[in-house]
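With the hints as constraints, model all of the structure from the sequences given.
Protein chains in written order, with this note's numbering: chain A, 1 to 99; chain B, 1 to 99; chain C, 1 to 99; chain D, 1 to 99.
Which copy is meant is left open, because identical chains are indistinguishable; a pair holds if it fits in one copy or across any two.
Using 27 Å as the maximum straight-line C-alpha spacing, the simulated DSS-like pairs for lysine-lysine come out as follows:
1. 14 with 62
2. 84 with 97
3. 62 with 30
4. 96 with 84
5. 30 with 57
6. 14 with 84
7. 14 with 57
Hints are computed from structural coordinates only; laboratory data are not their basis.
Residue-level listing of the chains:
Protein chains: 4
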Amino acid sequence: MYTIATFTLVPVGKDISISKYVAACIEELKTLNVNYTLHANGTNIEGDWDEVFSAIKQCQIKIHDMGPQRIFTTIQLGTRTDKKQQMENKIDSVLKKIK
Amino acid sequence: MYTIATFTLVPVGKDISISKYVAACIEELKTLNVNYTLHANGTNIEGDWDEVFSAIKQCQIKIHDMGPQRIFTTIQLGTRTDKKQQMENKIDSVLKKIK
Amino acid sequence: MYTIATFTLVPVGKDISISKYVAACIEELKTLNVNYTLHANGTNIEGDWDEVFSAIKQCQIKIHDMGPQRIFTTIQLGTRTDKKQQMENKIDSVLKKIK
Amino acid sequence: MYTIATFTLVPVGKDISISKYVAACIEELKTLNVNYTLHANGTNIEGDWDEVFSAIKQCQIKIHDMGPQRIFTTIQLGTRTDKKQQMENKIDSVLKKIK
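Here it is as structure tokens:
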């Protein structure tokens with residue numbers, strides 16, 4: 001199942017700034033060679049279901065390893081079997097319909 | 001990583017009522033023998049990270065098999081390494097603090 | 001628009017335990033006389049759109065007043081214009097379809 | 001309360017493609033003159049709490065007016081009282097920490 005997702009990992013009970021944890025996750029995604037885009041409220045990622053969830057799990061583990069003992073995580077995703085669609089197609093599809 | 005999550009699977013472009021799909025997912029969770037609770041906006045589930053995500057994946061596959069070609073899914077979860085906590089502990093912990 | 005929602009308020013950069021903040025929000029909901037149910041991953045609430053969002057805003061303000069300078073909030077909701085449905089109807093509708 | 005949010009409106013029981021509804025919401029945001037960014041899994045928006053939620057409500061109403069009788073909506077947001085931060089600051093803050 002091809003999966004397009006956005007996810008956010010929020011360490012709780014530690015620093016008020018979470019950017020260093022987001023940066024560590026992005027470095028992890030680079031190592032995993034998965035397609036991602038950082039946005040203001042999370043990270044978009046796409047790939048096969050297992051690839052996407054394995055990447056999120058690696059980020060969760062990495063952030064726990066950095067110190068935070070509690071992490072609150074949100075994931076929002078879509079799968080579709082009628083056609084292959086990638087993240088940039090989704091955006092293009094909207095943009096060309098805006099008057 | 002022990003994981004407490006809530007998830008919601010919304011088939012898109014098919015029926016306006018989604019209860020039969022939620023019911024099919026609950027049946028799947030029963031088969032998998034995972035600890036879950038149905039609530040008004042989703043299903044709570046707990047267990048090891050892999051167990052939780054494997055269960056959600058099985059629901060996603062089962063619902064696609066029932067016909068819907070697009071599913072929009074949300075997952076919200078917490079992991080903590082400082083102590084073992086289960087779903088009922090979380091609720092108890094709040095209830096005893098309400099004045 | 002009648003709105004059925006679940007929401008979660010997570011104070012960031014403060015305590016690892018967030019139950020006292022959830023309890024404070026529940027007390028606020030009681031004062032507001034809005035229909036709610038606490039579950040293991042958030043609070044379900046229902047009512048008119050403005051009533052629901054006003055209640056969430058009051059919780060956000062109350063928790064900031066308790067000290068946390070950053071709050072991460074998630075809201076997931078449904079509105080439907082084809083029929084009036086309440087939280088307990090949604091659950092009943094699923095339960096009677098489970099084999 | 002300055003609010004940075006991402007939101008997604010998914011019409012249920014209607015078309016499998018939702019891009020025309022997203023486009024209609026973007027047109028609404030343009031009219032409201034609110035600061036937004038479209039991304040692959042939703043729309044980021046920022047402003048005062050009331051401004052942000054009023055905009056989301058207008059999109060919800062507009063999409064119901066276009067036909068869909070059920071809409072599933074997710075909102076994820078942050079507020080912070082320690083400093084004024086905007087969407088582009090959040091991204092910059094992460095980018096300069098990536099090795």
